[in-house]
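If you're matching them up, the sequences are chains A and B in order. Under this note's numbering, the letters of the first sequence match residues 1 to 273, in that order. Under this note's numbering, the letters of the second sequence match residues 1 to 613, in that order.
Accuracy of the hints is not assured; some may be wrong.
Below are the SDA-like pairs computed for lysine to any residue, each with C-alpha atoms no more than 25 Å apart in a straight line [to be verified]:
no., chain 1, residue 1, chain 2, residue 2
1, A, Lys261, B, Gly51
2, B, Lys115, A, Glu136
3, B, Lys115, A, Leu126
4, B, Lys115, A, Ala238
5, B, Lys115, A, Glu234
6, A, Lys52, B, Ala457
7, A, Lys52, B, Glu607
8, B, Lys115, A, Gln232
9, B, Lys115, A, Lys52
10, B, Lys115, A, Glu235
11, B, Lys382, B, Gln353
12, B, Lys569, B, Thr536
13, A, Lys261, B, Arg345
14, B, Lys115, A, Arg132
15, A, Lys52, A, Ala121
16, B, Lys509, B, Val571
17, A, Lys261, B, Ala457
18, B, Lys115, A, Pro217
19, B, Lys115, A, Asp259
20, B, Lys115, A, Trp192
21, A, Lys261, B, Gly50
22, B, Lys115, A, Gly224
23, B, Lys382, B, Phe307
24, B, Lys115, A, Arg137
25, B, Lys115, A, Ile131
26, B, Lys569, B, Leu552
27, B, Lys115, A, Glu133
28, A, Lys268, A, Asn225
29, B, Lys296, B, Val325
30, B, Lys115, A, Gln256
I should point out that these hints are in silico values taken from the structure, not numbers from a laboratory.
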Amino acid sequence: MRIAGAVIAVLLVLSVPPSTGSVFAAELSRQESVGLLNDGLRAFDRGTALAKQSPGEAAAAFAEAAAKFQQIVDAGVENGRLYYNLGNAHLKSGRIGPAIANYLRAAAFMPQDTRLQENLAYARLLCQCDIRESGERAATRTVFFWHYGTPLSLRFRLGLATYVLFWLLLIGRTLIGRIRWGYPAAVCLVLWLALGVSVGVELRHSATHQDGVITTPDVVVRKGNGLDYAPQFEETLAEGVEFEVVEERGAWLHIQLADGKDGWVQRKEAEII
Amino acid sequence: MRRTAYILVALAAATTCASARAGDVALEVSTREAYVGEPITVQIQIINAGGHDAPQFPEIAGATVRGGRSGTNESMSWVNGRMTRQTTVTYSYTIIPRQPGTIQIPAIPVRVDGKVLSTAPALISVVASDMDDLDLAFLELAASRDSIYLGEALDVNLEVWVRPYRDRNVRLDAQDMLSRVQFSVSELGVFRETLVQLQNGLLRWQYREDVREDSEGTPRAYFVYLLPLADFVPTRTGPLDVGELNVVVSYPVRTDVERDLFGRPRRDFITGRPVYTVAKARPITVSLGESIITVKAVPTENRPRLFNGAVGRYDFAATASPTDVRVREPIDLTLTISGRGVLDRVGPPPLAQMEELTSGFRVPETSIAGSIQGDRKQFTVKIAAKHADVDEIPAIPFVYFDPQSEEYVTRWSDPIPIEVTASEEVLLAQYAEAENGTRTGATRLTQTAAGIRANYADMDEVLAQQAFAPGWGTAALLTASPLAFVACTLIRRHSDRVRYDRGYVRRRKACSTALAAIRTAARQADHANSASQIATAVIGYVADRCNAPGGLTRTEAVERLTQRGVGAKRVQAAEALLERCEGLQYAGTNTDVPADLATQAERCIRELERERF
Chain A
1 MRIAGAVIAV LLVLSVPPST GSVFAAELSR QESVGLLNDG LRAFDRGTAL
51 AKQSPGEAAA AFAEAAAKFQ QIVDAGVENG RLYYNLGNAH LKSGRIGPAI
101 ANYLRAAAFM PQDTRLQENL AYARLLCQCD IRESGERAAT RTVFFWHYGT
151 PLSLRFRLGL ATYVLFWLLL IGRTLIGRIR WGYPAAVCLV LWLALGVSVG
201 VELRHSATHQ DGVITTPDVV VRKGNGLDYA PQFEETLAEG VEFEVVEERG
251 AWLHIQLADG KDGWVQRKEA EII
Chain B
1 MRRTAYILVA LAAATTCASA RAGDVALEVS TREAYVGEPI TVQIQIINAG
51 GHDAPQFPEI AGATVRGGRS GTNESMSWVN GRMTRQTTVT YSYTIIPRQP
101 GTIQIPAIPV RVDGKVLSTA PALISVVASD MDDLDLAFLE LAASRDSIYL
151 GEALDVNLEV WVRPYRDRNV RLDAQDMLSR VQFSVSELGV FRETLVQLQN
201 GLLRWQYRED VREDSEGTPR AYFVYLLPLA DFVPTRTGPL DVGELNVVVS
251 YPVRTDVERD LFGRPRRDFI TGRPVYTVAK ARPITVSLGE SIITVKAVPT
301 ENRPRLFNGA VGRYDFAATA SPTDVRVREP IDLTLTISGR GVLDRVGPPP
351 LAQMEELTSG FRVPETSIAG SIQGDRKQFT VKIAAKHADV DEIPAIPFVY
401 FDPQSEEYVT RWSDPIPIEV TASEEVLLAQ YAEAENGTRT GATRLTQTAA
451 GIRANYADMD EVLAQQAFAP GWGTAALLTA SPLAFVACTL IRRHSDRVRY
501 DRGYVRRRKA CSTALAAIRT AARQADHANS ASQIATAVIG YVADRCNAPG
551 GLTRTEAVER LTQRGVGAKR VQAAEALLER CEGLQYAGTN TDVPADLATQ
601 AERCIRELER ERF
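Next comes chain A alone, as it looks inside the complex (with noise of 0.2 Å):
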């Protein structure tokens, strides 16, 4: 069991990404990023602390922070707990759009974080457009709660590991025939298989599907990829709506909402995530 246990353990060690790590922004040195990121903390914090004195000024400093935390990420930073931060300097500014775009781009990494999911919960809860989630997708969702509940990363990584245990425990059985190899191998088979599936859909759904936000208030949903065309709904979508890029046709989104209705917004009335 002990030996088994750092196999595993070594397995692990080897299949981190070369890439991930405490790797720093090119643009940024670490002195660069770190004093970035405590302007944009104490920012937040002065927000915070005239928000019931001063709500204008509150507004300003968290606008402030989030400033500091969006050149953090445009150097290059790609950070679960950076999105989450950047998401609640823009809730407080009261930017609903950004606000949930970014704490999706932060559940991209880290999806079981109780802090996001609760902060992602209340920017929806905020959001004044309440478009349900058809059916088959959450039932999409549930089925498979492992794949949409673990960040692509971890998946990979646990799928490397299965891999290279699969191919360790085919070499033992080659040389050691006299034990059992074939049961812990088959489900090392399996979960290898289970989670290349995974990942290979993610990463060809990213590749090919894009998700956003509604990031102004009142967009009016049109029939097609112009003013000139009619409205879709006859409600106009709120700031903070998700929805799904089907098309990008020069300044125009063809976007799917959550229910499966779609229709066509301007790009600058969204972000992209």
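Following the hints, complete the assembly by docking chain B onto the known chain A.
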């Protein structure tokens, strides 16, 4: 054929089936005029909706709204061969008017198929019963005392006084009059629970006959129905608050002879007298006036600092376990309060405010829940000695207010001797573990949905690059794993072959064995023997390569080579070599063996090796 025709007809009917107008709402009211206390049924109907949200019935001023039950009804109708199907979801409510005037039901919005539709508003006129002023019924509260202190319990009865109905034909008895009290549409405040117990048979209805003067001073007989409530604990001072009390009595106005199916008067089976029934009744709503029972606050004058709200008469004791402990080791301190009073409301003495205790002991500041067994309530709290100088748990005071003597009383527990030894190890973890593990009645916290959680501030965590980018190491692992498996498989197969396939081993070693034999033969002085050994080595090589049994002849060896597809030139060379060896073998011992025989044999072997036969 007939079956097919039925199916076709059914299909035709299905294709001509049409729905009524989709997504509609309607409001239906059972009556537009009602007496105070008379229930009015209101229905919200949602017709042919694909999906809808349950309607929210608004509060109605001057009336009580109950219900909200829903039911679904489907109906089909045929008009000119066209079938119309209608699905109706009905939400039913009961409105009980509490005062005369007009009840206005506003337009009620209902979300149907994503659209917000509204019902039509409705007006209902409510008139006072013309029998309200006849003292036919009234309510009273009865209790053993006129005033109590807040924190005390009181047995209190709700008395429903109803005057018996009588006319020239019949006098309704107590049971009949009880059935006229409409408890289902009445507001009973804290007595609602009593009614449930009465209806479930857990309590028996009690009533008496009594006489009370009416407003004109005339003595009148009444049935008095009791709804008892034991150990009622008021929650605020002032007149005793028992909630809203509005009892509706459907008081008879006229009786008539009950008739059977054929219209004949029904008669009592035993007495032979006609059976009368209430033919007409009017609702009377009776309310409770100002309560005559007063709830007083405990006096603030001379109130001890450690008074914790206990009212009654109590004894108090304390025990501790273990009593031989180390510094900071937890001690279970059990406080027992027994006696007469509302133990539910009795809290433990505020230990954290007792300096005599906190100077020597660590005491939790959070409140603790107790457990009630019979007439005693126990609180167990973990305390810990702060230092080794402590030799006893001091006497603990428990303060309560005695409502009979109307003064505060302090009971003291006995001091508990303990032995505390110094400990170098800090037992904070043990203390916390014990405190968490055994605390009873832990507070349940309900998380709010509003607001956001704090930022992440750990620099390394926030600034770490988490982008998904598999590198060369991943590619190497992906490639190396199956390659390693293939290599191991080949090695295993080879070792198995070496171990079990003797022919394979012979073939592999044929060349080296033959060359070694040739070199050995070349060093021999006996030339004839040497030539013989060289020939044997070459023939042995052929036998090993072909996995043939030993002892082949020259001819057989040549045949084997030919059969294996060895080139003719090399076969001829081998045959010539073997002939030459044979000639030298029989030429006599003095014949010189050419020096190149061994070399020729070696070359022959190497040439044959290239054939890989």
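Structure-based check of each hint:
Straight-line distance between C-alpha atoms of Lys261 of chain A and Gly51 of chain B comes to about 16 Å, which keeps the hinted pair within the 25 Å bound. Pair hint Lys115 of chain B plus Glu136 of chain A holds up; C-alpha atoms about 22 Å apart against a cutoff of 25 Å. With a C-alpha separation of about 21 Å, the suggested pairing of Lys115 of chain B with Leu126 of chain A holds against the 25 Å cut-off. Restraint check: the Cα-Cα separation between Lys115 of chain B and Ala238 of chain A comes to about 17 Å, which is no more than 25 Å; the hinted pair holds.
Among the hinted pairs, Lys115 of chain B with Glu234 of chain A is consistent with the structure: their alpha-carbon atoms are about 10 Å apart, no more than 25 Å. Using a Cα cut-off of 25 Å, the hinted pair Lys52 of chain A and Ala457 of chain B holds, with the two alpha carbons roughly 23 Å apart. Pair hint Lys52 of chain A plus Glu607 of chain B does not hold up; C-alpha atoms about 100 Å apart against a cutoff of 25 Å. As the CA atoms of Lys115 of chain B and Gln232 of chain A are separated by approximately 15 Å, the hinted pair is consistent with the 25 Å bound.
Of the pairs offered as hints, the one joining Lys115 of chain B and Lys52 of chain A is violated, with about 38 Å between alpha carbons and a cut-off of 25 Å exceeded. A threshold of 25 Å between alpha carbons decides the hint, and for Lys115 of chain B with Glu235 of chain A the separation of about 10 Å falls inside it, so the pair holds. Of the pairs offered as hints, the one joining Lys382 of chain B and Gln353 of chain B holds, with about 15 Å between alpha carbons and a cut-off of 25 Å not exceeded. For the suggested pair Lys569 of chain B and Thr536 of chain B, the alpha carbons sit about 21 Å apart, so the restraint of at most 25 Å is met.
A threshold of 25 Å between alpha carbons decides the hint, and for Lys261 of chain A with Arg345 of chain B the separation of about 57 Å lies outside it, so the pair is violated. Only pairs whose Cα atoms come within 25 Å are accepted, and Lys115 of chain B paired with Arg132 of chain A is accepted, the gap being roughly 15 Å. Of the supplied pair hints, the one linking Lys52 of chain A and Ala121 of chain A holds, its CA atoms being roughly 24 Å apart against a limit of 25 Å. Taking the CA atoms of Lys509 of chain B and Val571 of chain B, the gap is about 21 Å. The hint holds against a cut of 25 Å.
Annotation: proposed proximity of Lys261 of chain A to Ala457 of chain B is violated, straight-line Cα distance about 40 Å (limit 25 Å). Taken as a hint, the Lys115 of chain B and Pro217 of chain A pair is honoured in the structure, with Cα atoms around 21 Å apart against an allowance of 25 Å. Restraint check for Lys115 of chain B and Asp259 of chain A: satisfied, since their Cα atoms lie roughly 15 Å apart, inside the 25 Å limit. Annotation: proposed proximity of Lys115 of chain B to Trp192 of chain A is violated, straight-line Cα distance about 48 Å (limit 25 Å).
Distance hint between Lys261 of chain A and Gly50 of chain B is fulfilled; the C-alpha atoms sit about 17 Å from each other, no more than 25 Å. Simply put, Lys115 of chain B and Gly224 of chain A have alpha-carbon atoms about 24 Å apart, close enough for the 25 Å limit, and the pair holds. Between Lys382 of chain B and Phe307 of chain B, the direct Cα distance comes to roughly 21 Å. Compliance with the 25 Å bound is thereby established for this hinted pair. A distance of roughly 23 Å separates the Cα atoms of Lys115 of chain B and Arg137 of chain A; the hinted pair therefore holds under the 25 Å criterion.
Restraint check: the Cα-Cα separation between Lys115 of chain B and Ile131 of chain A comes to about 13 Å, which is no more than 25 Å; the hinted pair holds. For a cut-off of 25 Å, the pair hint linking Lys569 of chain B to Leu552 of chain B stands: about 21 Å separates their Cα positions. In summary, the hint linking Lys115 of chain B to Glu133 of chain A is supported, as the alpha carbons are separated by about 18 Å, within the 25 Å threshold. At most 25 Å may separate the alpha-carbon atoms for a hinted pair to count; Lys268 of chain A and Asn225 of chain A meet this at roughly 13 Å.
Straight-line distance between C-alpha atoms of Lys296 of chain B and Val325 of chain B comes to about 47 Å, which puts the hinted pair past the 25 Å bound. Restraint check for Lys115 of chain B and Gln256 of chain A: the C-alpha separation of about 20 Å stays at or below 25 Å, so the hint holds.
Violation of the numbered hints given earlier is confined to hints 7, 9, 13, 17, 20, 29; the remaining hints are satisfied by the structure.
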